Amino acid sequence: MATDPLLATLDLPRSNGALVFEEPWQARALGMGVVALRSLGVGVVEWRDALAAAIVEHGHHSEEDPAAAYYTAWVAALERVLVERGVTA
Amino acid sequence: MHEHGHDHLHEHEHEHDGGFHTPRPASEAELRTRALEALLVEKGLVSTDAIDAVIDLYVNDVGPQNGARVVARAWADPVFRERLLADGSTAIHEMGYGGEEGHTMMVVANEPDVHNVIVCTLCSCYPWPVLGLPPTWYKSAPYRARVVAEPRAVLAEFGLDLPDSTEIRVWDSTAEVRYLVLPMRPDGSDGMSEEELAGLVTRDSMIGTGLPMAPAPA
Chain Z
-16 MATDPLLATL DLPRSNGALV FEEPWQARAL GMGVVALRSL GVGVVEWRDA
34 LAAAIVEHGH HSEEDPAAAY YTAWVAALER VLVERGVTA
Chain E
219 MHEHGHDHLH EHEHEHDGGF HTPRPASEAE LRTRALEALL VEKGLVSTDA
269 IDAVIDLYVN DVGPQNGARV VARAWADPVF RERLLADGST AIHEMGYGGE
319 EGHTMMVVAN EPDVHNVIVC TLCSCYPWPV LGLPPTWYKS APYRARVVAE
369 PRAVLAEFGL DLPDSTEIRV WDSTAEVRYL VLPMRPDGSD GMSEEELAGL
419 VTRDSMIGTG LPMAPAPA
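Top to bottom, those sequences are chains Z and E. All letters in the first sequence, in the order written, are residues -16 to 72 by our numbering. All letters in the second sequence, in the order written, are residues 219 to 436 by our numbering.
One chain only, chain Z, in its complex shape:
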């Protein structure tokens, strides 16, 4: 797991140590992100910055579930990294 420090260093939504997903798409987004970032060789620091920016941009909505908010930003950050890397337009 040397190549996969992502989950260890990120502050993923958790309850009592276990990852929290409100809906299955959130786990999907996480798994897709881990695989895609690994394939592209995106490092932890780059990803953390991209994710932090997306979280700030997404903002806080009091009615929104925290896991939904986090993974919405996660997907947005992934889209942006893919564009930056020229994978998608």
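Be aware that a few hints might be false.
[As the list claims (entries may be wrong)] Computed footprint of chain Z on chain E; a stretch qualifies when at least three of its residues, placed anywhere within it, have a C-beta under 8 Å from a C-beta of chain Z: (1) 285 to 291; (2) 428 to 435.
[What the hints assert, rightly or not] Away from chain Z, derived, C-beta distances all over 12 Å, residues of chain E: (3) R252; (4) C341; (5) D390; (6) S407; (7) S411; (8) E414.
Note that these hints are calculated values from the structure, not bench results. Since the structure is predicted, the reported quantities are computational estimates derived from the model, not experimental observations. Glycine is no exception: its CB is placed at the ideal position from the N, C-alpha and C atoms.
For chain Z, the structure is supplied; the task is to place chain E on it using the hints.
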């Protein structure tokens, strides 16, 4: 395991197609996630199986129970114990708990006068396939720094008071090697099945900051 992932997704999709569960339109984020996955699969950057494997490994199937089963087998089967201590990666793999590429699992056994504890001083390397996700304190700077400098004091803060005669060995994980502590089998656990034994094994006992639970009195 992979099939499970697919089925799960399908069930979920059917819910939206107007089954009996409260119909709920897919959120925008959900649609974006699906669209992105389809695109990345098409581009060959990800495969659905690889995503399923990550989800299984880290999400569905993660947790110290995998490690607990390994420890319980080592307690119950001396031959397995030998193999586990000689070549942790292979023995653990035998039980179906794969690691990912590129690192070796080394199992260190507690003895009456030796206690082992694991740490990753540089970051937060952790034996995930057997212990799941690391607890927050494991990743904290104070634990990482102090367990090396003053392990006895740190363990005492976890409620583990070891006699001065016990040697404490601290194992610092690296990118290549991950450690797992094999705690000593608790007294009074004779005759327990492997499954019952696994129930005594705590996460912290496999990190080395705790001990297994004592069996309930018969």
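Earlier hints that do not hold, by number = 1, 2, 3 and 4
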